[in-house]
Amino acid sequence: MYREKKRPFWQNALLSAAGIIVFFAIWELVVATGMVSPEKLVAPSKVIYAFFDKFHNVVPDGNTLDVHIITSLKIVLAGFLSACIIGVPLGLAMGFFKTCNRLLTPVFEIVRPIPPLAWIPIVIVMLGIGFQSKVFIIFIAAFVPCVINSYTGIQATPKVLLNVARTAGASHFEMFCKVGVPYALPMVFTGIRVSFGSAWATLVAAEMIASSEGLGYMIQQGRNASKPEIVILGMLVIGLIGAALTYLLGILERKATPWRKTHE
Amino acid sequence: MALPSVKIEISKLSKSYETKKGVVRVLDDVSFSVYENEFLVILGPGQCGKTVLLNTIADIEQPDSGSVSFNGDSSVGFVFQRYALFNWKTVIKNVETPLRYRGASAEECTATARKYLDLVGLKDFESAYPAQLSGGMKQRVAIARAYTSGSDTIIMDEPFGALDAQTRYQMEEEVLKLRKTEKATVIFVTNNIEEAIYLGDRILLFSDKPSHIVNEFVPELPRPRNRTSPEFMALRDEITAQMDLSL
Chain A
1 MYREKKRPFW QNALLSAAGI IVFFAIWELV VATGMVSPEK LVAPSKVIYA FFDKFHNVVP
61 DGNTLDVHII TSLKIVLAGF LSACIIGVPL GLAMGFFKTC NRLLTPVFEI VRPIPPLAWI
121 PIVIVMLGIG FQSKVFIIFI AAFVPCVINS YTGIQATPKV LLNVARTAGA SHFEMFCKVG
181 VPYALPMVFT GIRVSFGSAW ATLVAAEMIA SSEGLGYMIQ QGRNASKPEI VILGMLVIGL
241 IGAALTYLLG ILERKATPWR KTHE
Chain B
1 MALPSVKIEI SKLSKSYETK KGVVRVLDDV SFSVYENEFL VILGPGQCGK TVLLNTIADI
61 EQPDSGSVSF NGDSSVGFVF QRYALFNWKT VIKNVETPLR YRGASAEECT ATARKYLDLV
121 GLKDFESAYP AQLSGGMKQR VAIARAYTSG SDTIIMDEPF GALDAQTRYQ MEEEVLKLRK
181 TEKATVIFVT NNIEEAIYLG DRILLFSDKP SHIVNEFVPE LPRPRNRTSP EFMALRDEIT
241 AQMDLSL
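So the sequence lines, in the order shown, correspond to chains A and B.
Take 1 as the starting number for the first sequence in our numbering and just add one per residue.
Take 1 as the starting number for the second sequence in our numbering and just add one per residue.
Isolated chain B (complex conformation):
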């Protein structure tokens, strides 16, 4: 099998913040590669600087040192924690946003937005306002919006953290379904080990602050993955053990 090509090269990222309690080092010399079209899960305890890492990749924040380099298009579609929808816009207008900023025509915006709303099963809700939707539906809108950007990198920052377990499972299926039709490199951040194993082609386990990579896992489990299979459980135990050690 040919080696997959690198989409994003992250090298030697470090970042510190000044707080009242002194300087807190959030990222500590983090280097890794993200391969074209893989589903990479970044797994780490809460507050471990994963969001800072994603923001740096998306060029929202600048690192103190180190670099992020993209092979090709460096734009990203971003799914933020807790929905982050524009509550003054209808669902379809929310989904259109990234295209609008890129100067696409109104017809193109609407057509693309409809396509993704349909893919996440919300085509009947295009003229609703976010306040009228449930949490799961809101996050579907946010996912559709990220894909509408047309970027070939999609970043998801603990997208299902605020959802109940059942909705979470549904959303995980939704994300895997999108993988089948949409070619994209996905970076998915979570603090949930089971979610990481269920979704990831590859998992990078991060430590608590200052964050560095503890280990890498490649779940060799056939899809759809069975959360209760012995292999799944074994991997979960292994990761749990290492996650605790790194604390």
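Isolated chain A (complex conformation):
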């Protein structure tokens, strides 16, 4: 099998940076040469300018960028964390205990295909248009992958490992805690990462419920005020923060499952 040579860290970093720089350079060039008119696509230089400017300029949406970021982070983290706290144990229990499976899986299977956005009207009626309703929409989006991955992960526990624990004298609950859960952990983490992705991706939709701040709100106000650099700035900030937090989750995952790095 062909194997790539292992590059030193700095070369990899340089390659990644080059990818980003080339992407922005092509974009700038496309606009600067007039291939796409500046009215249709804003140049990245303008977006970068808007980025620094937005930290003190409140036009057109009434808040600076850092306020938007913090508001959005609060909503996403609240929704995502509550989805993990409820979804992971629920999925694990459903996947391991037959009674839980019979009892809860049908309900979950019905709720699962409902898109998060379809919840918006009922959520507004029930929770109003404040922080809670936005968190709830994010929660729904993040909840499903948490449950599914925990469920599938623990269901895949090899029977022989459970038998090892059983012959060693473990109770059914001990088999769950000490065999099922650790076996499922890598899958649980995959679920958490997917779940974070969909939580963050649902942000703009959640902020469609009456907002006065937040990145999704900023994007909409940018559109209403015909300021494409604000729209694209909002998109890029969502992308950047999403990537950064996913990276942090990856570090946490490696710390929590130290046995996995030995496979590499």
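Interface residues of chain A toward chain B, partial, derived using beta-carbon atoms under 7 Å:
#1 V160
#2 L161
#3 N163
#4 V164
#5 R166
#6 T167
#7 A168
#8 G169
#9 A170
#10 P182
#11 W259
From the structure, some residues in chain B lie toward chain A, with a derived Cβ separation under 7 Å:
#12 F78
#13 R102
#14 Y129
It is worth saying that the hints were derived from the structure and are not from the lab.
Beta carbons are placed, not taken as given, at the ideal position from N, Cα and C, and that holds for glycine.
Since the structure of chain A is provided, determine the placement of chain B on it from the hints.
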């Protein structure tokens, strides 16, 4: 010589499974005794229900009819096919597992686990993860784990089936070495005739499904056994002939 005392009495075990093709009878009225401290080999063709038999002895599965009764401690140390290690635990934590479930103190767990890791020649690997070990090493860990349980019955289910021939020979020596220091009744399942003769004090030959005992052999060969001696070969031929007949 005094008659050896019975450790496990297996009487009239039967078990069937329902599959899509109808009911498959796996165990058919199986009765035998396992004597204290003997090395009993259960030899049979692949898929003949040997695992079901072991699981029944270890109380993992329940028979349709018949019973298993132990004289004294009914706990078993089990070496499963294909290692069955907890890959999220280090080697020593894997070996400690049975003691932990029995509520032993941390010091006792570590000390006992170290003792058996040393006996199987893995004391330098106690903080490695299973993924870092070779197949033979993994199975050594599993064997150490079975002995750490402190049970006086050790069950091994085709433990070396996944290993290459050379590693297999080494592991067979390893198991015989443990016999010298550790008093235990061993039930060893294999489908390999040569392995059965090399290891067993007594061999029970099982038929294909529905499994029943075809014959019993007691190899009167001095240890260490010579795999190429005429007596060894003769016994191998005899068993081979009967194994084929029972198919």
